[in-house]
Structure formats: structure tokens, C-alpha cells
Amino acid sequence: MKWLLARWRGVAVRGAGRSSAFGELVDDRRAWLFATLPHEAAAYQYDVFTKRSQKRLARRLGFTVAEDYLSLAPLRVAIKFVARSRLDAFVIKANLSYGGKASRALTRTEGGYRDVRTLDIVTLARLEHDLGRELEELDRPDEWLVEELLRPFDPSCRYLSDYKFYVFGATTELIVCKRPVPGSYEQVSTTCTRDWELVDVGLESIDAAVAAAPLRGRELIAVAEEAASCLCYPFIRMDLYDTSRGVVVGELTPGPGRRHELDPEWDARFARRWHEAAATLRRDLRTGRIVPLREERSG
Numbered sequence: 001m002k003w004l005l006a007r008w009r010g011v012a013v014r015g016a017g018r019s020s021a022f023g024e025l026v027d028d029r030r031a032w033l034f035a036t037l038p039h040e041a042a043a044y045q046y047d048v049f050t051k052r053s054q055k056r057l058a059r060r061l062g063f064t065v066a067e068d069y070l071s072l073a074p075l076r077v078a079i080k081f082v083a084r085s086r087l088d089a090f091v092i093k094a095n096l097s098y099g100g101k102a103s104r105a106l107t108r109t110e111g112g113y114r115d116v117r118t119l120d121i122v123t124l125a126r127l128e129h130d131l132g133r134e135l136e137e138l139d140r141p142d143e144w145l146v147e148e149l150l151r152p153f154d155p156s157c158r159y160l161s162d163y164k165f166y167v168f169g170a171t172t173e174l175i176v177c178k179r180p181v182p183g184s185y186e187q188v189s190t191t192c193t194r195d196w197e198l199v200d201v202g203l204e205s206i207d208a209a210v211a212a213a214p215l216r217g218r219e220l221i222a223v224a225e226e227a228a229s230c231l232c233y234p235f236i237r238m239d240l241y242d243t244s245r246g247v248v249v250g251e252l253t254p255g256p257g258r259r260h261e262l263d264p265e266w267d268a269r270f271a272r273r274w275h276e277a278a279a280t281l282r283r284d285l286r287t288g289r290i291v292p293l294r295e296e297r298s299g
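Going by the working numbering, the residue at position 113 of the sequence shown is 113; the numbering climbs one at a time, nothing skipped.
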């Protein structure tokens, strides 16, 4: 697929001129999975690129995800669905949206739909035009989801923050906290340790305003580590939201962006933790302590 080839080329460009031991290990995850797991299990666990497959897997593992209203429809059909259903609040996004593009959170209001981030009011015609242009820029398939708009658990927060947990085996090593900038699609973000202490790993700016632990910080970490322990990846990034109806899984990402951009100390640390987690996984698979997930059989 063109989008996947472009993504691989992007990884190669980012890593050019700079060696990243951790980035290379993550890039080779397919080879590791198929060399370590039975073929059927490796194929199932490798196929987690799309939003839909990630949500299906999270549900299977017993975790909460945003409710689906419509799945894998062309943009034209998704817009017509929104018009017919007259949803009061929803998110519309491409199945392979990336970096905030081809995604909108909206509430219905007089004269159209209010963008939760920018507060602009848009018509469905304008929405279809803007999303179509962004999808073209991303060069992704015309597959769209319409889903529940999640609300923050903390009533003092206007926007939902995105917490990205870098988990090795079943232990969180890093948390990237992203918080929307009011009135725009920009985000302020920073990196924290498992104890929610600020740390500079070469990825994000240090911003004390973003670093405060959320009200359910411990529960977020527990969910991230429990979910990661169900999968046979030495490393996975869990994206979670602290919402009004509990901790919600956003993404399970075995190959996060910017993995080649860690500073040398953290790159070496993550590579070491990857090898330790891989060794533990091999041992647990060999002894039968872990039985790898395979695709569920219908009937």
C-alpha cells in the first residue's frame, strides 16, 4: 500500500545519519514476531495498524474504547450518516489518520457543528471538503469512522489530554503527555517518568504545566501495563484517555513515530529494556506461561 511504503520511507529518512538502536529494533518487529511466535499468532498480533483493528483487539482484551457509530465508510457516506443521525457530539476520523490530521471532534449547534478544538462553526459541506483535503495530503485510504466524543474525567479540564505510555514487557518506562492548545490543533507536550516526574529524552519540550499527574494517574499506568502484558511485543506504546466514563484505550502502537529521535542515553536505555523484555517473553512462551493471542474463530 502506498501509505505504508511512504511511512517506511519516512522512518528511513528520520534515521538517516544517526544510529538508533531502539528505533532499529522496533523497525524489525515483524521479523521478531514471526521468528518468535507461531505464524498464525504473529500474523494476528502484527495486524494492528488501523484504528478499527486496534479497537477490536482492545475490546477483546476487556478494555474500554470509544463507542462506534459508523465504521469503515467512505467520507461521503460518513458525512451523510452524520446528517441523518443528527448526533449531538461525535468524532469523525480516517481509519488511518495520523498526527491529528483527517480527524475532528464536533458538537451540533445552531448553524452547523462546532469544532471542539478551534470553536469554529462549520457546515457539513465544509467539513467534507477539509477532511477530504487532509486525507489526500496523508495519502491514506478513503475509510472513515464516526465514534463517541469522549469527555474529560477532571471537570476542571476543558479538553481531553492524551497520555502515551511507553511500555516494555509490562513496565512503563516513559509517559508522553499531550494537551491541546485552546483554539488550535496544536498541542503542548512533555515527557515524564513512571512517577510523573519531568524528564528530557530528546522528544518533547519541558513544560511543567503539562506534567501534573492526572487524577487517575495510577489507574492509567495500571491499564497500560495490563494491556501491554496481553500482547507478545517486547515494546508497545499504549495511548489512553482519562474520561468521564473511565480509562479509555485510544491506540495500541508497536511502532510509534519519532522512535529514531531519542537522545543517545535514552536510546541505549530503551534498547536494553527491549532486549530484557524480549528475553522474558521468549522464556514465558517456551514454558507456556504465556499463550499468544490468535485470531478468534467464528462459530
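Please note that the accuracy of each hint is not assured.
Below, a list of computed lysine to any residue pairs in the SDA-like style, where the Cα atoms sit at most 25 Å apart [to be verified]:
#, residue 1, residue 2
1, 93, 122
2, 164, 153
3, 164, 128
4, 178, 110
5, 164, 80
6, 93, 146
7, 101, 188
8, 80, 110
Okay, the calculated beta carbon distance ranges per label pair [claimed, not checked]:
#, residue 1, residue 2, range
9, 76, 183, 27 to 35 Å
10, 39, 195, 15 to 23 Å
11, 185, 283, 40 to 48 Å
Keep in mind the hints are simulated off the structure, nothing from the lab.
Glycine included, each C-beta is placed from N, C-alpha and C at the ideal position.
Now for the hints, and whether the structure bears them out:
1. 93 / 122: holds, 16 Å
2. 164 / 153: holds, 17 Å
3. 164 / 128: Measuring from Cα to Cα gives roughly 29 Å; hence the hint is violated.
4. 178 / 110: violated, 31 Å
5. 164 / 80: violated, 33 Å
6. 93 / 146: holds, 7 Å
7. 101 / 188: Answer holds: residue 101 to residue 188 is near 16 Å, not above 25 Å.
8. 80 / 110: holds, 18 Å
9. 76 / 183: 27 to 35 Å: This hint holds: roughly 29 Å between Cβ atoms.
10. 39 / 195: 15 to 23 Å: violated, 40 Å
11. 185 / 283: 40 to 48 Å: With Cβ atoms ~44 Å apart, the hint holds.
In summary, the numbered hints that this structure violates are 3, 4, 5 and 10.
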